[in-house]
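Sequences and hints are given; from them, build the entire structure.
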Amino acid sequence: MRIIFGGPIMPVRSRGQPFFGPGPQARPSPFAAWTGVRETPMIPRSPPVEACMAQKTLSALMGAALTLAAFGAVGFAASRAAAEQAVVVASTAPGYVQGQLVPDGAAVSVPDGANAMFLFANGRMLRVKGPFDGPLDRMPDASGWGGVGSLVGGERFFQTDLGAARAVGSPLQKGEEQVFTLDPGRAGTQCVKSGGTVLLRKPADPALVPATLREEGRGAAVTLRWDKGATVPWPRELPMADGNSFTVAGADGRTRHSLTLRVIPADGQGAELAMRLAGAGCATQAAALLDPVRESVAPLNLYLSTDRGLYPTYRSGETVTLVLQTNRDAHVYCYLRNTRGQLTPIYPPGPSDSSLVEGHRTLTLDGDRMPVPLRAAERAGSLSADQDVRCFAAGRDLGADLPGRRDAFRPLTDEAAARLERTLNSLKQTDLVMAQVILRVE
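Our numbering numbers the first residue of the sequence shown as 376 and each following residue consecutively.
Read the hints as simulated data drawn from the structure, not as lab findings. For clarity, every value in this text was computed on a predicted model and none was experimentally measured.
Restraint ranges, calculated between C-beta atoms of paired labels, are given here:
{"#": "1", "residue 1": "Pro614", "residue 2": "Ser801", "range": "55 to 61 Å"}
{"#": "2", "residue 1": "Asp580", "residue 2": "Ala755", "range": "53 to 59 Å"}
{"#": "3", "residue 1": "Asp741", "residue 2": "Arg797", "range": "29 to 35 Å"}
Every residue, glycine too, gets a C-beta built ideally from N, C-alpha and C.
If you want it as structure tokens, here you go:
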């Protein structure tokens, strides 16, 4: 199990400390009496730029190359980066999805507690940790940052990263194998390589088997059946010209959607190819190409905040709106700790609701629309009315293992809370990340 605490500052968690121990607070925690755990030193805020080292080595050879490159690149100043396009590899920052193109000089906004990873055409990779607002080519000079966590890597590191990977099978090349198999079940823009063989995969929706493709404006149509396999070649009757659009109809003859073809140059691979796909509007294919890279260098991460930011302040009774995003598909579970120290499951909102959250999709939890409204607590005399929301994202569904999963918005008993803690601590082979937000009350 890997534990990564989200947000700019979180307690250092050592063995034996509870997952739901006291969070970072400027004043004494109202939950300390419940947990019996003293607050631990805070991790200092990290600088906005850092290199990302591979979490999973592709091979011993690549791992050695990455290590040598990293040591040779210490001290790179991000301000030296030339203005150029970038593509999003992974992000917990709302508004940024995998495969999205960031144009030259475009302002990038990464809020406090979030991070985003960008890939440039020359193979350089950059991770930005919020808060940051500005163009990527105007990152602050990192030469003044000290400490191990300041800045490791840079252009040389990341270029060597992808270069070493080519010797053992580049992760980008692995992704390319499936990228150019078109999916008639998906609406929007899809890219093909000039002069290449184009295959159409069988749609996941059975209502589109068979499927009829009809060229818009000319009327030429072909019905695809997939009788002999999961893919069929692009029909010769339909021209594959850049910008051509086709309607897609199901077996009932009803048009479901349309798809537009973009033809990109056949040369180029890796980061350059990802850039071309994103630039042509084929963000989904760019994301598919980048999936193996993300798996190698971007572990599961979670952003949790509110519509008022990471450090909100409320008046008693005001509605609380939570905002969260993961950098890959994950199962998310959220708990509210009230002023009495009780843990209440608040997401998923019901026993039949799925915990699966789509990666790079911003999820907004409006307190007014929850089964039980989520509001700032009422003050009781001089006692603190602060509450605490903690969410964790897991690489697999934990619903059957978590106490209280069937009783959303009901406080857990002390025994159930202790069982939840034991369950989280017992996970050995599951990616698990946690993020926290404190709901201050004036």
